[in-house]
Each structure stands twice: as structure tokens, then as C-alpha cells.
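*Asks:* Chains as they are written, first to last, in numbering that gives the first Met the number 0: chain A, 0 to 276; chain B, 0 to 338.
If you're looking for bench data, these hints aren't it; they were derived computationally from the structure.
These numbers come from a predicted model, not from an experiment.
Hints may be right or wrong, so weigh each one.
If you want a taste of the chain B side facing chain A, the calculated C-beta under 10 Å gives, among others [said to hold, decoys possible]: (1) D46; (2) L156; (3) A219; (4) G223; (5) A228; (6) A229; (7) L230; (8) R271; (9) G275.
From the three backbone atoms N, C-alpha and C, an ideal C-beta is built for every residue, glycine too.
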Amino acid sequence: MIFDSPADLAARPADTIPHLATHGLSCVIGGRTILSGVDLEVRRGEVLGLIGANGTGKSTLLRVLAGVRRPAAGSVRLAGESLTAMRPRLRARHLAFVAQEETGPTDLLVGEMVGLGRVPHARAWGGFEERSRGAIRAALDQVDLGYAINQPLDRLSGGERRRALIARGLAQEAPLLLLDEPTNHLDIGHQLALMRRIRALSRTVVVALHDLDLAATFCDRVAVLHDGALLACGEPDEVLTPSILHDAFGVLATRVTHPITGRTHLLFSRDEREPHP
Amino acid sequence: MTLVLLVLALAVAVTAVLSIGFGAEPLPASVVVDVLRHRVGGSGTTDSAYDAIVWQIRLPRTILGLVVGAGLAIAGAGIQTLVRNPLADPYLLGVSSGASVGATAVITFGVLSGLGLWSLSVGALFGALLAAVLVFGVAMLQGGLTPLRLVLTGTVLSSAFSSIASFMVFRSAEPQAAQTVLFWLLGSLSGATWEQLWLPCVAVVAAFGVLMSGSGWLDALAVGADTAAALGIPVRALRIALFVLLAVLVGILVAVAGGIGFVGLVLPHIARLLVGPRHRVSLPVVALAGALFLVWVDIAARVMVRPTEIPLSVVTGLIGAPVFLVLLGRRSYRFGGDR
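Same shape as in the complex, but just chain A:
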């Protein structure tokens, strides 16, 4: 599933080198340490969930992984290559990052906004190629928004907007996708539908999530951040345990079995012994 990736990255044996890896990663913003000593490996083709309480550095970690923010210490390697040394344009062809929404000119049409994802592929004076048109259409179809291509962005509902942003990431045709809370502001139906679509993309995905049930259901592995450090990383069953969740969120978690589907779910209650942060 590697599109348009530079030959030297694509030629590497897929399974031996992690798609994305950090080593001793630290990040300092305005004198405050946001991340410290994060060692994380993202395997090729997996959906990795990133969870943690507010302010534990999920968004910062994603921004560093995306190359948008430079780490204070440590390294990020994309398929074995140093991400910080990589040319930004090349990086953007291999890795798409969809942050929380930024409000640009909202009179952009949906197709135009998604077309921004083609910027890393465009040549300075080259017009709008047929290939770009195809990529935009395909990206919108993947999030079921093909009907909205000529609508103004601000006429979409909240859920459609989130999907349009993800389509912009998809239009980059990068094999690795980083998503910062894509299910924010979505109702439960749209959350489930969106996560199902993300799973069906068959790309490597790192996704920050607030909803632990979504993480348990849709992620191959889950990484738990706590106070800027990686508390645990592994399959949902190993990681979403009452003791880890207590450390990370200060809540009491109970596992229950869904009476109909038979899946394991989590129930939460406040830990009365300690004040909630």
C-alpha cells in the first residue's frame, strides 16, 4: 500500500524495520517539559491508538511524529530514516497528519480543501493534473463524501467536516496517517462509522483517542501516555487494565462483557480516595 513513496523508503523490507519509531524522545515547549523519554514503535499496517488524560502530550507527540514540531532530544525514524533530516516535502508524501481543525477561508469548496493534500505532489507551475483530480475523488469516496465535492466547506455538518479533513490527509496518498482525535464532536454513530472507515484504509495509522472503548475496539495496539511519558504500549487487552487506567486517568475501571456481542467493555467510576486532577 505504498503510493508514490521515494524508492529508498519503499525498498526496505517491510517487516524488519518499524514504520515509525521514536527513541528517547523529549519535547519542551516554553520551558515546560511536555514529553520525556518516549520510545515508541509503530508497525507497518497497524492501527495504533494513543490515549491519555488531557494535557499528557498526545497532540504534542503526534506533532513531533509528523515532523511539524522538532523534538528537544531523541530521534524519530520514518522507515529507518531520520525524520528531522528529511526534506519536508518528501516527508509529506510519506506521512499525512490531520490535526485538530484549523479555520482557514471557509469559502473553500470541499474539493479544493481536500486538494490541498496534493500540495506535496504538485510542481510549481504545473496545473491541476488529472492524477490529482483522481486522488481527491478517491479520498472523498473513502470517507463517503463524494457527493460534497463542490459544496462550500462551511455548509457541511460537524461530522462531514471531520471526514473532509481526513480526506485531505488521504489525498496525500501517504502510507502513514496520523490523526489527532478524529472522533471529536461526532455523535456515537458517526464515531463508530469513522473508526470503521479508518480501519478499512489498510494504511499504517496512529490515532489519538479520548474514548477508551473506541481504542479497545478498533486499535491493534494502544499506547498510554501519562505525564509526558509512555506508561504502557501493547494490545488493548494487555494495556487497558484497571491498574494502568487508574494510573493514567485516576479512575476505577471494571471490565464487563457485553451481553449480546460478547465483547469486553470498560465501565468507569471515580476513585473516591484521591482528588480527580
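Could you slot chain B onto chain A? The hints should help.
*Replies:* Frame of chain A, contents of chain B only:
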């Protein structure tokens, strides 16, 4: 989109010929066309008096109007993208008030008088670039060329430069100084000569080419710095390049035509209304619309209270203010998501 461009291009061509006919001595369009054909094609006969009026006086003026109008309009579009603010105009970078310091120094104290007719332009250009360097330096020292930083630094330093210019006028022994400075500040195309044309022409064409070639990057920057960075755009370098390009362009335009207001503020909005916010389509439209607008403004400035000429900013303000109010009042038009 193509239709809008075609209509605008046609209107610009017709306006250019018509504008030559207006002035203290009105000329019919046929005379204008005769002179142009004689000069360009070498065919036909022509009266030497008409030739002097058309070729030596009015044509350079019309061309300067086209170039300055187009330049101010694309500079406005560029700066609104750079600072992501609908109220930004090309003079936000401190360039025009810096130019006014330079021009005032020339007018009141006779600085650079050795350069003769060029002294005013050179003084203004010098002041403009110095001001831009100052704004750039201060903004960089205080955290980089972020939109908020640029708006604040530009606004604060602009008023400081204006104060310096006012102080010089106040201290000047020249009784006419205040009026001369005011007239220069409000903008005029009346001094246009062929020798003066090439620099603004080159600057505007080059700036247009550069902005068009980076139109995709500008689209992303308009959405937001994070989005642009995620798309592999070196945001910091792009902002610096954009600042330098716009400062030099506006500095040159101000040096030849003074501080013409409203063109760079209003026309980018009109272009976005016509063809949407993507730079690849809106920049050609804004350039043509700016050229068209300023030539008509100059015509109005020449004929409204003949035989005196009104400064251009007076006319652009009179037309621009109501247009801008109408635009802002439209419920369907928004910039950057603000209702």
C-alpha cells in the same frame, strides 16, 4: 473563472485606451488609436501635438496606473494571506509610513537633492525598505513572523514612523511642506514618465510570477500554519520570503506613486467573492481588477474638479469605503471562519 478573466482583460484594454482620452485636453478615442498605431505599428499619420500628449504624458501615466493598481492588489492579497487577517492592507508592514519619513525628509530638508527629480522616489524607497527591515527585525526578535506578531509590530511601528514624519513637517522651515507631504502621501500618478516605469513593471510582474508559482503553498498557509507544515511546507521560510517579496514590491510602488489607500485592502476581497479563495485563480483576477480599478480612479481624480487633480486616496476612499461596507455586510461572505 475564465469568463471573469476574459471580461476583466477586455475591460482593462478598453479602459487603457479610453483613459488616454481623458484629461485637461479631452481627446477622442480615434485620435488615441491613431497615435498608438503610428507609434507601435509605424503606420498612419499623426499630429505632433497629439503625439506628445498621448505618448509622452498620458500613456506612461495609464501604464503606471495599471501596474501600480495590479501591484497593490496582489500585495494586498499576499499580505492578507500572510497575516490571515481580512483588514490587512499592503501598508501593514510599515512600508508606507517608512516611505513617508523618507519622502518628508526629501521635501522638508532637501535630503538627496543631488538626485533631482528622482530624489523623492529614492528617499521614499529608502525609507520604505528601512521601515520594513525594522518591522522584520523586531517581529523576528519577538518570536517570528506569526500573524499576530506581524500585525502588532507593523501597526505600532507604522504609527511611530508617522509621528517622525509629522515631526519633520512641524520643524520644517518650508511653508508649503505640509501640503506637499500630504499630497504625496495620498498618492498620485501625475509624475509618470517612461524612464520611471520599468522598475515597478519588473517588480509587479516578478512578484506576480513568484506568487503564482507558490499558489498551492499560499492556499495552505491561508488555512493555517499547522496545516501548511503538515503538508510539507517550510512555513518559516515561506513567511520570510513572502514578507521580503511584499516589502520590496510595496516599497517600489509607494516610491513611484505615494501611499494609495484602499486598493490593496478591498480588491482582494472582491476577487475572492468573484472566484473563491484559491490563489491560482484569485491572483490573476485581483491583478486585473486592481489595474482596472486604479486607472478609473485616476480618471476620476483628473476630471472631478478640473483643472486641479485630486489625490488618488481621496477617490479610492470615497469609492472603497462604501464598497467595503457592502462587502462586509454580505452574510454569505466570510474570511477565515469569522462570522
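*Asks:* Looking back at the numbered hints, which does the structure fail to meet, lowest number first?
*Replies:* Checked against the structure, the hints that fail are numbers 1, 2, while the rest are satisfied.
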